[in-house]
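Each protein sequence line maps, in turn, to chains F and V. Counting along the first sequence from 1, when you hit position 186 you're at 227 in this note's numbering, and nothing is skipped either side. Counting along the second sequence from 1, when you hit position 270 you're at 1497 in this note's numbering, and nothing is skipped either side.
Please keep in mind that the hints were generated in silico from the structure rather than gathered at the bench. C-beta atoms are modelled at their ideal positions from N, C-alpha and C, and glycine is treated no differently. Mixed in with the good hints there might be a few duds.
[What the hints assert, rightly or not] Covered stretches of chain V (chain F as the covering partner; in silico rule of three or more C-beta atoms under 8 Å from a C-beta of chain F):
1) 1232-1246
2) 1249-1255
[Claimed, not checked] Beyond 12 Å from chain V on every Cβ pair, some chain F residues (computed):
3) Trp67
4) Gln114
5) Pro121
6) Leu155
7) Val168
8) Leu188
9) Asn191
10) Leu196
11) Gly218
12) Thr224
13) Leu227
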Amino acid sequence: MTISPDQIILWQWGPLHINATLAYTWLIMLLLTGGAWLITRRLSTGPRLSRWQNLLEVLVTGLKDQIRDVSRQEPGQYLPFVGTLFILIATANLLSVVPGYMPPTGSLSTTMALALCVLIAVPLYGVLHRGPAGYLRRYVQPTPLMLPFNLIGELSRTVALAVRLYGNIMSGTVIVGILISLTPLLFPIVMQLLGLLTGMIQAYIFAVLAMVYIASASSAQHEHDDERGPGG
Amino acid sequence: MQIDWLTVAAQIINFLVLVWLLKHFLYAPVTAAMARREARIAERVTAAREREDAAERERGRLHARMDRLEERRDAVLEQAREEAEREKQRLLDEARAEVDDKREHWHQQLRDEQRAFLKQLRRRTTEGFADLARKALSDLADVGLEDRMVATLGAWLDNLDEDERQAFRSSRELVVSTGFALDDNRRGRLGELVRAHFGADKHPDFEHDPALVCGIALTAGGRRLAWSLADYLDNFERTLAEHLDQHPGERTDTASNTEPESERQADAATG
């Protein structure tokens, strides 16, 4: 039983290959970019909106509100990164209702890639806001003895981000696969619906946690809040 | 579970590309559109507020103007009303004064005419009545009116009660007044009558009194016994005056004393 889309190789040329994870990711990127382009071609600034524009505005406003609530900062500079994380993961998970589709988030390579992006983004935003010295000082606080633990915490939460998302999505897919072979009728559908809910929750958790890490690194007043335990 | 690091690298690139694409095609346009809409709404709200303020100012201005106009109208109306009231009062007073003058004048005229008429009537009636009585008495009994009056006085003297008679008798002076001239014959008869009733020592004085008109009176010690045509004429005149006079309080002077003296006779004692 194939449990990761990484194992489905679509094209190979020497060491380079294109697997299903990459293909589905490109499909999602195409859908998102094409949809956004189609809708935002003719944006209305008057009181009457198209329903698609309304949907996008609700989405963007909601993302901004969430970022503002979590970071207590203006959401403008975080919106592209955190918003894209949420939209990508949510879309990848929601499309799992399409037969034959395998969510790229069910691949540890994808979730690790996203977690690495967060791992890099946290110091980037921190240095941007507080300067290199200000950012690095947080690793030796409250005492330099804490430096190893801070570094381990940084790495472990990245791994936790990746594994949490991968585990939830992969398990959902695997469970549905197993259930189909056992009780082919109603039960898998219920589990699919549950999978949709889980997928949305995981997308939200991933994005919010990323925002929390970034905010704790970039905000002086949250210096000591950055060791929040990962949820999920 | 294994990690394909080539896929990881490709996914990182994919993610960064997607971030750029969505920022370009999604976040920026939508945010800009919302900002523009908010700006337009704010602009409209500002414009509406300005219009509202202007309307409020205009309303206040018109309100104040209306108040001023109303006050002015009230003042003008009040002034006109007062002027009309004053003019009405003045005209009423003038008319009333004029009416009073005319009425007073008319009353005066009426009183004068009445008085003149009554005076003339009294004179003519007295003359006519005296002539008529004289002529009638002369024709019927061959006795002059004066003789008849003397006879009447004699009849009254006969009918006097004892008290009256005593009162006349005790008085020193007796005066016989007549409205006509007495000849010696009548004087003698009157003297005899007096002496016959009040004592032989009594010699009455005779005097001519035109006020009696056509009559005879015996006066002694504050007592008076009289008969006169004037009494009847006064009665007649009073009746006439009552008919002529619309205001009983304005009777003529001649009508104020209308009780015939003959009715009082001698019991109307005066001081």
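Structure-based check of each hint:
no. : hint      : result
1   : 1232-1246 : holds (count 14)
2   : 1249-1255 : holds (count 5)
3   : Trp67     : violated, 7 Å
4   : Gln114    : holds, 16 Å
5   : Pro121    : violated, 4 Å
6   : Leu155    : violated, 6 Å
7   : Val168    : holds, 18 Å
8   : Leu188    : holds, 27 Å
9   : Asn191    : holds, 24 Å
10  : Leu196    : holds, 15 Å
11  : Gly218    : holds, 16 Å
12  : Thr224    : holds, 27 Å
13  : Leu227    : holds, 30 Å
Taken one by one, the earlier hints fail for this structure at numbers 3, 5, 6, listed in ascending order.
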